[in-house]
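Student: Based on the sequences and whatever the hints tell you, model everything.
Protein chains in written order, with the numbering used here: chain R, 1 to 233; chain V, 1001 to 1101.
Hints are computed from structural coordinates only; laboratory data are not their basis. No residue lacks a Cβ here, since even glycine has one placed at the ideal position from N, Cα and C. Hints should not be assumed to be uniformly reliable.
What the simulated footprint calls covered on chain V by chain R, stretch by stretch (three residues with Cβ under 8 Å from a Cβ of chain R suffice, anywhere in the stretch; the number is not a length) [as the list claims (entries may be wrong)]:
#1 1005 to 1015
#2 1019 to 1027
#3 1030 to 1043
#4 1050 to 1060
#5 1073 to 1086
Coverage of chain R stretches by chain V, computed from C-beta distances (three or more under 8 Å per stretch; other residues unrestricted) [unchecked claim]:
#6 13 to 25
#7 48 to 60
#8 71 to 77
#9 99 to 111
Label-pair ranges, simulated between beta-carbon atoms [unchecked claim]:
#10 R:Val-130 x V:Pro-1089: 48 to 58 Å
#11 V:His-1097 x R:Ile-17: 37 to 47 Å
#12 V:Gly-1098 x R:Ala-99: 20 to 30 Å
#13 R:Ala-161 x V:Arg-1087: 22 to 32 Å
#14 V:Pro-1089 x R:Thr-150: 41 to 51 Å
#15 V:Val-1066 x R:Arg-101: 22 to 32 Å
#16 R:Arg-101 x V:Arg-1086: 21 to 31 Å
#17 R:Ile-105 x V:Ile-1080: 22 to 32 Å
#18 V:Arg-1086 x R:Asp-139: 39 to 49 Å
#19 R:Leu-24 x V:Gly-1098: 35 to 45 Å
#20 V:Gly-1098 x R:Ala-119: 39 to 49 Å
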Amino acid sequence: MTCVLAATIPDAITFVIAAAICVLGALGVVLARNPVHSALMLVMTLFGVAVLFVEEDAQFLAAVQVIVYAGAIVVLFLFVIMLLGVDQKEAIQRDPLPAQRPVAICVGILGLVEVLLLARGRWPSGARSVSGAIGSPGDNVGLIGRSIFTTYLLAFEVTSALLVVAVVGAVVLARRPRRALGQNGAPTGEPGDSEPGDSEPGDSEPGGGGPGDSEPGGGGPVDDLADLEVTGP
Amino acid sequence: MSVSASWYLTLAAVLFTIGAIGLLIRRNVLVMFMCVELMLNAANLTFVTFARRLNDIAGQTAVFFVLVVAAAEVVVGLGIIVSIYRRRPGATADDVHGMKG
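Tutor: Laid out in structure tokens, this is it:
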């Protein structure tokens, strides 16, 4: 407590409130049964961390934290929760490893106590101001920008490649595979029908008319909808 | 004078521990993913604290890169989760053992 009291009163109050918000939000993420509540508690923690960033003179990162994390990532989480309809309670009853939860909690707390005991009083160590001091002239955004575009330029460029790979991977993962669709959607074996949504009237395939390929009620409306989703554009 | 770095680092350790415990005890894949985000945020807080304490801007730059990696990770991870749920609705982490030997 003496360390907190060594600070000025507004700083100490800000830290205590933000830390309480962070810890409560983190506990809420873990303990909430509903994934939607977990996501909202995650927003709470992220805002608390953003306040702590401001408190530590990292204004740019605080803004990015709110915009990217709370504005994009959590919204993405919520979209997935809503789209998948997984906002029901978790089935705690059928637990394949009953002893895992207490053991996990004990191991986690043990690790925390170890870290706190081992590093007591000797937290920061190492060289100071190697790649640019925070107190050098210029605002926070300028300092980070200069650091990114000079010292860490290669890492920044690699980051762009990483983002491209992530976008391509997301598209590949999210699109419905065409082969699995053929197994599900067309139970009647038509070997020449590789593209079921192709409803051109002049279709000269033997054994079936153009609109007759996808419309007869073998698959039902759900399969037709799946066909339309894949081969629409 | 602001709050000393030890308190920030203690808070970061607590946040990381909560995230790790949540990752271990939860079965819902989405909540496990959120716990990973918690751990990333704890690491970010540590970076910023060391940046202030050691008076080095590189800590904040590292947080910037962590944010980018976290965004990419969320995109790919949610894509995987969506494809898992599409195959078997209501799956938990224990149901996804297709790659077990």
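Student: Work down the list of hints and note, for each, if the structure agrees.
Tutor: Okay, the hints, checked on the actual structure:
1. Restraint check on the segment 1005 to 1015 of chain V versus chain R: 10 residues with Cβ-Cβ distances below 8 Å, three needed, restraint holds.
2. A count of 8 residues in the segment 1019 to 1027 of chain V with a Cβ less than 8 Å from any Cβ of chain R is obtained; the coverage claim is therefore met, three being the minimum.
3. Proximity of the segment 1030 to 1043 of chain V to chain R, defined as three or more residues with a beta carbon under 8 Å from a beta carbon of that chain, is established by the 8 residues found.
4. For the segment 1050 to 1060 of chain V, the stated coverage by chain R is satisfied: 10 residues place a CB nearer than 8 Å to a CB of that chain, which reaches the threshold of 3.
5. Taking a C-beta to C-beta cut-off of 8 Å, the segment 1073 to 1086 of chain V contributes 12 residues in contact with chain R, enough for the three needed, and the coverage statement holds.
6. By the rule of at least three residues with a Cβ nearer than 8 Å to a Cβ of chain V, the coverage given for the segment 13 to 25 of chain R holds, with 4 such residues.
7. Coverage of a stretch by a chain is defined here by at least three residues with a beta carbon nearer than 8 Å to that chain's beta carbons; for the segment 48 to 60 of chain R and chain V the count is 8, and the condition holds.
8. A count of 4 residues in the segment 71 to 77 of chain R with a Cβ less than 8 Å from any Cβ of chain V is obtained; the coverage claim is therefore met, three being the minimum.
9. Beta-carbon proximity to chain V at under 8 Å applies to 8 residues in the segment 99 to 111 of chain R; the threshold of 3 is reached and the given coverage holds.
10. The supplied range of 48 to 58 Å is met by R:Val-130 and V:Pro-1089, whose beta-carbon atoms lie about 51 Å from each other.
11. At roughly 43 Å, the beta-carbon separation of V:His-1097 and R:Ile-17 lies within the given 37 to 47 Å, and the hint holds.
12. V:Gly-1098 and R:Ala-99 have their C-beta atoms about 25 Å apart, which keeps the hinted 20 to 30 Å range intact.
13. Judged by the Cβ atoms, the range 22 to 32 Å given for R:Ala-161 and V:Arg-1087 holds: they are separated by roughly 30 Å.
14. V:Pro-1089 and R:Thr-150 have their C-beta atoms about 50 Å apart, which keeps the hinted 41 to 51 Å range intact.
15. Between V:Val-1066 and R:Arg-101 the CB atoms are about 29 Å apart, so this pair conforms to the stated range of 22 to 32 Å.
16. Between R:Arg-101 and V:Arg-1086 the beta carbon distance is about 29 Å. The supplied range of 21 to 31 Å therefore holds.
17. For R:Ile-105 and V:Ile-1080, the Cβ-Cβ distance of about 27 Å falls inside the hinted range of 22 to 32 Å, so the restraint holds.
18. V:Arg-1086 and R:Asp-139 have their C-beta atoms about 47 Å apart, which keeps the hinted 39 to 49 Å range intact.
19. The hinted window of 35 to 45 Å between R:Leu-24 and V:Gly-1098 holds, with their beta carbons roughly 37 Å apart.
20. Evaluation of the 39 to 49 Å hint for V:Gly-1098 and R:Ala-119 yields a pass: the beta carbon distance comes to about 41 Å.
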